[in-house]
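Chain order of the listed sequences is A and B. Start counting the first sequence at 2; every next residue gets the next number (the numbering used here). Start counting the second sequence at 115; every next residue gets the next number (the numbering used here).
Everything labelled a hint here was simulated from the structure, so no lab data went into it. It cannot be assumed that every hint is accurate.
DSS-like cross-link-like pairs, simulated, lysine-lysine; straight-line CA separation at most 30 Å [to be verified]:
| no. | chain 1 | residue 1 | chain 2 | residue 2 |
| --- | --- | --- | --- | --- |
| 1 | B | LYS171 | A | LYS72 |
| 2 | B | LYS185 | A | LYS69 |
| 3 | B | LYS123 | A | LYS69 |
| 4 | B | LYS123 | B | LYS185 |
| 5 | A | LYS100 | B | LYS171 |
| 6 | B | LYS123 | A | LYS6 |
| 7 | A | LYS100 | A | LYS72 |
| 8 | B | LYS185 | A | LYS100 |
| 9 | B | LYS185 | A | LYS38 |
| 10 | B | LYS123 | A | LYS38 |
| 11 | A | LYS38 | B | LYS171 |
| 12 | B | LYS128 | A | LYS6 |
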Amino acid sequence: DQQVKQNSPSLSVQEGRISILNCDYTNSMFDYFLWYKKYPAEGPTFLISISSIKDKNEDGRFTVFLNKSAKHLSLHIVPSQPGDSAVYFCAASVEGAQKLVFGQGTRLTINP
Amino acid sequence: NAGVTQTPKFQVLKTGQSMTLQCAQDMNHNSMYWYRQDPGMGLRLIYYSASEGTTDKGEVPNGYNVSRLNKREFSLRLESAAPSQTSVYFCASSFGGRDTQYFGPGTRLTVL
Chain A
2 DQQVKQNSPS LSVQEGRISI LNCDYTNSMF DYFLWYKKYP AEGPTFLISI SSIKDKNEDG
62 RFTVFLNKSA KHLSLHIVPS QPGDSAVYFC AASVEGAQKL VFGQGTRLTI NP
Chain B
115 NAGVTQTPKF QVLKTGQSMT LQCAQDMNHN SMYWYRQDPG MGLRLIYYSA SEGTTDKGEV
175 PNGYNVSRLN KREFSLRLES AAPSQTSVYF CASSFGGRDT QYFGPGTRLT VL
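Whenever a hint applies, use it, and build me the whole structure from the sequences.
Here you go:
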């Protein structure tokens, strides 16, 4: 039972363009969402988060959008840079829970 | 400040052998986690420890045991390794369940 789903295993974007990574969830109790970025041979690192009381959170080139009615969140990267090439995981948690639930990941490749 | 460290980085086992993966953090975090990453499956939680002295099962605990040795250290033991346990294992820590998790560099385990 995959509660957090990233249906695109990979995405290829030209440098300078917008990258949009998508994530869907099934558990309506999730109220906090995060994105992590992972380079090869390294552990994931935190990128950006959003609480369910918001529908948008921005940090520099990264913006996360949350659509609660659709149980969908997306990560926008503008403009995309070669260093953004990595695997991106979305994650979610329920209030009071001591853990996160991760999606399968999307491999983003930025082409020069 | 080393963050989260994991040993070993690589390990090859034969079916039936046992081993312990070590994890330590120096950030005074309360919570620690063990994940496995498999292609197409994302990060799946094996066990976690919300605080020193407590451990709980995650999504995929079968075949594993854990020990929260003290606040800094959280080990993962495979008593009788199986080929299905071939994976990359990540340890993570955070102040609390919904706080940013910091990951170690991972242990790549192959079971023949």
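Here's how the hints hold up against the structure:
no.	hint	result
1	LYS171/B / LYS72/A	holds, 26 Å
2	LYS185/B / LYS69/A	violated, 37 Å
3	LYS123/B / LYS69/A	violated, 40 Å
4	LYS123/B / LYS185/B	holds, 22 Å
5	LYS100/A / LYS171/B	holds, 11 Å
6	LYS123/B / LYS6/A	holds, 29 Å
7	LYS100/A / LYS72/A	holds, 19 Å
8	LYS185/B / LYS100/A	holds, 17 Å
9	LYS185/B / LYS38/A	holds, 27 Å
10	LYS123/B / LYS38/A	holds, 20 Å
11	LYS38/A / LYS171/B	holds, 25 Å
12	LYS128/B / LYS6/A	violated, 33 Å
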